[in-house]
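> Chain residues, written in single-letter form:
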Amino acid sequence: MFVLIVGGGKVGANLTRALDEMGHEVVVIEQSRRRFDRLEREFAHRALLGDGTELFVLEQAGIKRPPEIVVAATGDDEDNIVICQMARERYGVPKVVARVNDPRNQRHFDLLGIAPTLCATRMMLALIEHEVPEHRVVPLLELRNENLEIVEIEIDGGAAAVGRLVEEIQVPESARLISVVRDGRACISLRELRLRAGDQVIAMLEPGGEDVLRRALVEGPRQLFPPV
Amino acid sequence: MHALVIGCGRVGSALARTLRDDGWEVTAIDEDEDALSRLGEDWRGGFVVGHGLDAGVLEAGGIAEADAVVVATDGDNTNIVIAQVAKTGYQVPNVACRILDPARAELYSDHGFTVVSPIKTAIEALTGWARSVSQER
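Protein sequence lines correspond, in order, to chains A and B.
Those letters in the first sequence? Residues 1 to 228, by this note's numbering.
Those letters in the second sequence? Residues 1 to 137, by this note's numbering.
There are no misleading hints in this set.
Calculated lysine-lysine pairs in the BS3-like style (CA-CA distance at most 27 Å, straight line):
1. Lys120/B - Lys64/A
2. Lys95/A - Lys10/A
3. Lys120/B - Lys87/B
4. Lys95/A - Lys64/A
5. Lys95/A - Lys87/B
Partial chain A-side listing against chain B, Cβ under 10 Å, derived:
6. Phe56
7. Asp76
8. Val82
9. Glu89
10. Arg90
11. Arg104
12. Asn105
13. Arg107
What the hints contain is simulated information worked out from the structure, not anything from laboratory work.
Using N, Cα and C, we set each Cβ at its ideal position, and we do this for glycine too.
Excised from the complex, chain B in its bound form (with noise of 0.2 Å):
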């Protein structure tokens, strides 16, 4: 199985040595150079320097190919044009997406990707745990 992870911050670098370790074909992209480091000294995948948006880029990382990508840049439009460009584009049948905005989170989640949104699931646990405190009470 390959996976592209486009955008190799806090996110995107745990997850590709996750997926790696988990017996994956990885590559990762992202515009920083110094992302790499990111992925440890022993990192065995493959790695593309460039804006997720480059078709020259993402067919260097192999999405054709792909079974999986993962958009998980800083950039929440960003993530949302790339996941489009991935699934309608290249036909990569998974494609999962950080959105952080939880308005346009919602709003892009039945567009054939499967979208996670860190701060709506923030809000509900919180929300949750909150609630639980003033049950005990």
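So here's chain A without its partners, still in its complex pose (with noise of 0.2 Å):
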């Protein structure tokens, strides 16, 4: 596969060699002349210096032909929006893959459907998030184009679902429970299972539905009629 990376900063540069060592074609292009040095003195001519938002430099790197992914893994997200709608619009590039610096201008990357994207200092709040006991909904993993996301979300002792069945449970049409990790191992099958305080339990939804699985979960069935 040939694969196209612009910028050879740390991303950059340890995705070259990894893509390099798996046997891939790679070209890594990168601006500053210091970076430049380094990197080829590593990859020799897989190394370009240029501009890789100037369309003479992307095809010294042979975007004609097109590559199957171009990355964009610059330090600056505005570079990296317009290498992927360049890739893409003037050159037929299949995949795109960019990098988000600021986490504030995913939302810029999603108006101008460029994905999917990766967000470093999103996915450290994440695993943080993981660490913190709340009835946080915490996304492990987004797919946007494909409308799915996985998320957990732990079970302490207040939540309603606590001695429940998990098939009894009543989740939005929109989410599906998919596994229950208890005591740091995961539970594939939920049946005949009981959650427990402590449990994280996994599923899958669509964007924007979280708020009701956190309520199905922790607050349980809202009850129309409380009895007297």
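Assemble the dimeric complex from its two separately framed chains, guided by the hints.
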């Protein structure tokens, strides 16, 4: 497979090395002379010096063939968006992957249909949230294009779902419980499984359905007619 | 009519002042607070300090009700992205964007906003001038 990587910083350089070792054809573009010198020592002719948002630089790197994948991994979100747009619209590159540096810019990538994206800050944040026992719905995996999200929610002692069979819990139509992690191990079969405090429920859902799922597990079914 | 001018350098500030003189309500946006001085001491339009991709900054500048947005920061790619955010994200009816690189200017000429490329214009003007000189001889 031919992969073109724009941006030869830590992300781009390590990606180049890994893909190269896997036997793929890789070209990496880097605009800073200092970084390029280091890349050239390791990757020789597979490293290219230039601004990867300039069409002639992209063409020198072989974008006209086109590559199966273009990875926009620069430290500048605007550059990454433009690289992906040019790769797709001008050169018919079938797949682009973009790095998001500032999580606040994620909305711009989404607005312009640039996907998939990867944001290290957001991922670390999700991992930290994972450690905080709260009734938070923690995203584990987001497949934006497919309209699917895999999330985790921790069940604490006060949650309505404690002591109930997983099968009994009424989850919204847009969600499905797929596993329960108990004492660090995932239970795939949910038959006859009663939830306990400390369990972590893994669910898949449509993006935006987090709140309804949280209420279903933590608050339980709403009682329309409270007992007299 | 309300115009938002994003990037208050030489081009942006001159344009903001002219629009203001023409009777527009103008808000300028620039990352650098000192850019305000380019607008002159008598500037009576709005001025917001911040990055043109920051939704809070754009909204403070009134992008939701703007009739026109002009994007003229010193970064081509920044301009290209802001112009698309204004057009697609905020549905601003009129968006113009400065793109120095002629190749990218051409590529983005059909994305729903007006592209102005000073370098392309200079090349065309100078080419025209050289040809006229050669015809005179």
